[in-house]
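In terms of our numbering, the sequence shown opens at residue 23 and continues consecutively.
Just so you know, these hints were derived from the structure itself, not from any lab. A portion of the hints provided could be inaccurate.
Straight line, CA to CA, 27 Å or less: simulated DSSO-like cross-link-like pairs of lysine-lysine [said to hold, decoys possible]:
{"#": "1", "residue 1": "K40", "residue 2": "K25"}
{"#": "2", "residue 1": "K283", "residue 2": "K315"}
{"#": "3", "residue 1": "K949", "residue 2": "K380"}
{"#": "4", "residue 1": "K628", "residue 2": "K758"}
{"#": "5", "residue 1": "K432", "residue 2": "K383"}
{"#": "6", "residue 1": "K999", "residue 2": "K507"}
{"#": "7", "residue 1": "K380", "residue 2": "K612"}
{"#": "8", "residue 1": "K564", "residue 2": "K612"}
{"#": "9", "residue 1": "K753", "residue 2": "K628"}
{"#": "10", "residue 1": "K182", "residue 2": "K227"}
{"#": "11", "residue 1": "K427", "residue 2": "K380"}
{"#": "12", "residue 1": "K612", "residue 2": "K623"}
{"#": "13", "residue 1": "K315", "residue 2": "K434"}
{"#": "14", "residue 1": "K434", "residue 2": "K322"}
{"#": "15", "residue 1": "K507", "residue 2": "K607"}
{"#": "16", "residue 1": "K949", "residue 2": "K432"}
{"#": "17", "residue 1": "K507", "residue 2": "K949"}
{"#": "18", "residue 1": "K380", "residue 2": "K423"}
{"#": "19", "residue 1": "K434", "residue 2": "K790"}
{"#": "20", "residue 1": "K564", "residue 2": "K507"}
{"#": "21", "residue 1": "K423", "residue 2": "K949"}
{"#": "22", "residue 1": "K432", "residue 2": "K315"}
{"#": "23", "residue 1": "K380", "residue 2": "K315"}
{"#": "24", "residue 1": "K283", "residue 2": "K322"}
{"#": "25", "residue 1": "K607", "residue 2": "K628"}
{"#": "26", "residue 1": "K434", "residue 2": "K423"}
{"#": "27", "residue 1": "K607", "residue 2": "K564"}
{"#": "28", "residue 1": "K753", "residue 2": "K623"}
{"#": "29", "residue 1": "K423", "residue 2": "K383"}
Label-pair restraints from in silico Cβ distances [unchecked claim]:
{"#": "30", "residue 1": "D1000", "residue 2": "K322", "range": "34 to 44 Å"}
{"#": "31", "residue 1": "S250", "residue 2": "K383", "range": "56 to 66 Å"}
{"#": "32", "residue 1": "E558", "residue 2": "E629", "range": "13 to 23 Å"}
{"#": "33", "residue 1": "T518", "residue 2": "N339", "range": "31 to 41 Å"}
{"#": "34", "residue 1": "E28", "residue 2": "H93", "range": "17 to 27 Å"}
{"#": "35", "residue 1": "V271", "residue 2": "D1000", "range": "50 to 60 Å"}
{"#": "36", "residue 1": "Q238", "residue 2": "L30", "range": "49 to 59 Å"}
Idealized CB from N, CA, C, for every residue including glycine.
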Amino acid sequence: MDKILEGLVSSAHPLPLKREIVRRVVEAAEAAGSGAQCRAMFALSTRLILQGQDRFQRQVGRQVLEAYARHHRAAFEAFFSRDLLLALLRGPGPGLDPAVLDYVQAGLRLLISCPAVLELFTLLQAEALRLVGERPPAPLCARLCQLLADFPQCLPRGRKPALAFCQQLVRCIAHFRAAGAREPELRLYVSQVAQVSGLLRGLWKAEPDALLPSLQELFALISSTDTSFEPSVALASLVQHIPLQMITVLIGSLTTDPNVKDASMTQALCRMIEWLSWPLAQHVETWVIALLKGLAAVQKFTILIDVTLFKIELVFNRLWFPLVRPGALAVLSHMLLSFQHSPEAFHLVVPHVVELVKSFKSNGLPSSTPFLEQLSELIHCMMYHYSGFPELYEPILEAIKDLPKPNEEKIKMILNQSAWTSQSNSLQSCLSRFSGKSETGKTGLINLGNTCYMNSVIQALFMATDFRRHVLSLNLNGCNSLMRKLQHLFAFLAHTQREAYAPRIFFEASRPPWFTPRSQQDCSEYLRFLLDRLHEEERTLKILSSSKLTEGVNDKSLVQEVSSKTQLFTKSPCTAREERTLIEKMFRGKLQTSICCLNCKSTSHKEEAFTDLSLAFCPPIFLQNVDLPSAENLSEGKDESMDQVRTRAFSSVAEVAPGDLAVGDCCDMITNDVMVKDLPVDTNCENTPDPFLCKPEDKDSLRKHVSEATPSVTDLLDYFLAPEVLKGDNKYYCEKCASLQNAEKTMQIVEEPEYLILTLLRFSYDPKCHIRRKILDNVSLPLVLELPVKRTVSSLSPVSGMWSMGVEFSDTGENLAKKLKPSGAEDVCCPQLVPYVLSSVVVHSGISSESGHYYSYARNIASSESSLEPCDRAQSLALAYPQSHLMAGEAPVAAVEKQLDENEVSKEWFLFNDSRVTFTSFQSVQKITSRFPKDTAYVLFYKKQNSSSSLSSKSSNGLWVNGDPPLQKDLMDAITKDNKLYLQEQELSARTQALQAAAASCSFRPNGFDDNDPPGSCGPTGGGGGGGFSTIGRLVF
23 MDKILEGLVS SAHPLPLKRE IVRRVVEAAE AAGSGAQCRA MFALSTRLIL
73 QGQDRFQRQV GRQVLEAYAR HHRAAFEAFF SRDLLLALLR GPGPGLDPAV
123 LDYVQAGLRL LISCPAVLEL FTLLQAEALR LVGERPPAPL CARLCQLLAD
173 FPQCLPRGRK PALAFCQQLV RCIAHFRAAG AREPELRLYV SQVAQVSGLL
223 RGLWKAEPDA LLPSLQELFA LISSTDTSFE PSVALASLVQ HIPLQMITVL
273 IGSLTTDPNV KDASMTQALC RMIEWLSWPL AQHVETWVIA LLKGLAAVQK
323 FTILIDVTLF KIELVFNRLW FPLVRPGALA VLSHMLLSFQ HSPEAFHLVV
373 PHVVELVKSF KSNGLPSSTP FLEQLSELIH CMMYHYSGFP ELYEPILEAI
423 KDLPKPNEEK IKMILNQSAW TSQSNSLQSC LSRFSGKSET GKTGLINLGN
473 TCYMNSVIQA LFMATDFRRH VLSLNLNGCN SLMRKLQHLF AFLAHTQREA
523 YAPRIFFEAS RPPWFTPRSQ QDCSEYLRFL LDRLHEEERT LKILSSSKLT
573 EGVNDKSLVQ EVSSKTQLFT KSPCTAREER TLIEKMFRGK LQTSICCLNC
623 KSTSHKEEAF TDLSLAFCPP IFLQNVDLPS AENLSEGKDE SMDQVRTRAF
673 SSVAEVAPGD LAVGDCCDMI TNDVMVKDLP VDTNCENTPD PFLCKPEDKD
723 SLRKHVSEAT PSVTDLLDYF LAPEVLKGDN KYYCEKCASL QNAEKTMQIV
773 EEPEYLILTL LRFSYDPKCH IRRKILDNVS LPLVLELPVK RTVSSLSPVS
823 GMWSMGVEFS DTGENLAKKL KPSGAEDVCC PQLVPYVLSS VVVHSGISSE
873 SGHYYSYARN IASSESSLEP CDRAQSLALA YPQSHLMAGE APVAAVEKQL
923 DENEVSKEWF LFNDSRVTFT SFQSVQKITS RFPKDTAYVL FYKKQNSSSS
973 LSSKSSNGLW VNGDPPLQKD LMDAITKDNK LYLQEQELSA RTQALQAAAA
1023 SCSFRPNGFD DNDPPGSCGP TGGGGGGGFS TIGRLVF
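Let the sequences and hints guide you as you build the complete structure.
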């Protein structure tokens, strides 16, 4: 019978015919047969099941085996013996065929009621342990687990065999690999892994003692630093079977175990984060976040930093996949919100945010809206915490503008809850990752540890084109002066191939002695100190070079000659204009202070030089476009002398009747916590009507106008130059009257600088907290600023074809014209408006002077003229401008702005943010505070507009055209040497990265902190724009 059946199934007869004959053979199995015939049929059916060429042959084998085994149980029991199973399970070949396990399972099902099956169970217990120890592939292991799940009697018995089996099964999963990348293959692979992990779950429930050793084996696999083996992501399928109640115990044990090295923990955490890619796995994000929190609790911040920077982009990319999106978003949120000492992790994902948001907005799926709202909340928290990077955040703000924005209190609460419990002070400093200059062609400055105040000032000075070119053209060979170091720095900024340069030498040479290293400082104070140092140094060097000392001159005569020369420069700076220093040529202006006695009308004058003007914030009422009867009330609180002009603090400047005026926010922060609306009315002011008493019907409109008023730089300048009445305790001692008298003090600019530096006094001293608080009021920045300069009538008479500012002055600032003319002044003068164009803006991001971040906006403006030649020409006292514009009735400011638009200079703005330099626009400069409330303009650089040069970059001395002057040989050699070194560094870095990739190194920290060490004095309000909430000490970026 067996021969006939074997020939039939392999014949070419029609399939229906073969099936009919097989049916009859199966029915004939009920008849009694000899033992030899039964064994022959069992052997044939076994061959067909295991070696059948097609599905029909294998099906026939199973039918015949089942029929003959049911009716000839004794014969099958003798055939399906221990020896047969050993032969099948340990047969020749590279691996076990899953069909063998199918055959074994079918045989066990037929013999389940026979006593002989117990012997087979014992055999299979040992064979199962042996098979999983051989690391079978996923299909075979899944089939074995299915067999063991159907017949639990085949599972290894006893504590040690059970533990060994569980551990070996974990190792098997670690070796699983998908057979292909197509969806059907991946679905089959996931189901096979689920079959294996399901068996482990059953084993852990039956043998609770096996759980902890299994987890230890799991951690040993994922923490291994062996580069020859990478555990499979399929291990993620086990996490969902671990009881959540064990999280605290397990994480505490792992993070405190001294035998677990940092490299192993880093590797384990990285691989757990990769498990987020495993579909249908539950609680993976819970365990990842728990481990992150556990490491933070034991202050293992190095591991957290390494893993976050290495894996944050991978986690973000998982947001694209719906099955793993919730878990990925949870881990991403925790990693970003807890990484509060540096913006680097957030900035790694910033470039990918806009594309993701746009994609989810366009797909229209119901699940997209809640996801985008969660993502938007996370992004707003991070941008709030790391303010000061508008070039990165503006595209994101545009993309999420339609999504809900959390309020500030919620943001603070989220950041507080997510912060690491403490902050290490020994975090390693890292250099930024450089790949060459950015597309702007500009070079950044590396932050050396809270040196953004210096970087922003240096970039503003570097972008002052005329100043930079004259610095680079100086012949300073053999000189070790600060100017020489500045020249060296400018040369590297202009010509290095590096993306960012480290100004260590210049920083050490230019840092004021009272500045604490590695702590945040005031950029305005640094700028003032730097210009003074450069000026005094150049003046001293000029005195020494002109002395023509001989070898026989003794030290005493040298000191006397230098002293006499110094006095000459100090007393008569105008008599030798050719001896002016570069700082004087570029930044010096003159301010005249006049005090007129209101009793005898006598006037005294005093002139002082300035390099910058410090502008205090004016009270809101000053911004009203009304004709005030007197300047007396406006002048309350102004400084008493020009000696304080550079350190002027924000103070109250108006007297207001209580209850008569609701003052806006811009007046709420005042020195000594005095509110303008709380100031008493001075009843001793004679013959001065109160300009602030409003009719009841006018109060509402006035309150609304005041609260909505946004001051401009022009308003602050007007307020700075507004007349001040000296009375009461501030009365003026008149020598003519020989007594204290009421007087009127006025200040007028009598000589304008080439570059006008304006500092907005944004910091007021709080005596209660003993800190300098910041005034966050927005200030409008005009692209063109008209500076009123005092001119005498005789100085204007010889000028033809020039602006006559006496005609148009009332049109451009009627109220200012009245204030600029002091009462009782005898000298006839005509204020002239000299136009300046905005060159640079230094922005402070933060809420106090002791913390925050500085960055700067700047653009190239070149208008060098012969006024900067060694012997300055006499500057015209009126601004030369083509008559065609004036004849057409075009206002001076409009004409200049038109010229700027024609030259497209206003579009060539750059944003210098330490090592990062990007393109930006003047619109970004104007809107910076409205979009980022803690980012406010602080120091402004304006360039005098010389119409005859038309903003040309051509030098007056003919040494260079449309570019910087050629460098001296020693500077060029130094830059060439550094550029070669840079190329060598790049090559070495590439080789090192290749070796690390090949070796799967555990050092994952990318380079690139700014202001990362030490924390400085940021306190609870520090760090990239402040915060105002109680967190760990934060760094200033």
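So, going through the hints one by one against the coordinates:
no. : hint                        : result
1   : K40 with K25                : 14 Å, holds
2   : K283 with K315              : 18 Å, holds
3   : K949 with K380              : 24 Å, holds
4   : K628 with K758              : 17 Å, holds
5   : K432 with K383              : 25 Å, holds
6   : K999 with K507              : 17 Å, holds
7   : K380 with K612              : 55 Å, violated
8   : K564 with K612              : 22 Å, holds
9   : K753 with K628              : 18 Å, holds
10  : K182 with K227              : 16 Å, holds
11  : K427 with K380              : 17 Å, holds
12  : K612 with K623              : 24 Å, holds
13  : K315 with K434              : 19 Å, holds
14  : K434 with K322              : 25 Å, holds
15  : K507 with K607              : 20 Å, holds
16  : K949 with K432              : 25 Å, holds
17  : K507 with K949              : 36 Å, violated
18  : K380 with K423              : 12 Å, holds
19  : K434 with K790              : 24 Å, holds
20  : K564 with K507              : 18 Å, holds
21  : K423 with K949              : 15 Å, holds
22  : K432 with K315              : 21 Å, holds
23  : K380 with K315              : 32 Å, violated
24  : K283 with K322              : 11 Å, holds
25  : K607 with K628              : 21 Å, holds
26  : K434 with K423              : 20 Å, holds
27  : K607 with K564              : 15 Å, holds
28  : K753 with K623              : 15 Å, holds
29  : K423 with K383              : 12 Å, holds
30  : D1000 with K322: 34 to 44 Å : 38 Å, holds
31  : S250 with K383: 56 to 66 Å  : 45 Å, violated
32  : E558 with E629: 13 to 23 Å  : 20 Å, holds
33  : T518 with N339: 31 to 41 Å  : 35 Å, holds
34  : E28 with H93: 17 to 27 Å    : 20 Å, holds
35  : V271 with D1000: 50 to 60 Å : 56 Å, holds
36  : Q238 with L30: 49 to 59 Å   : 57 Å, holds
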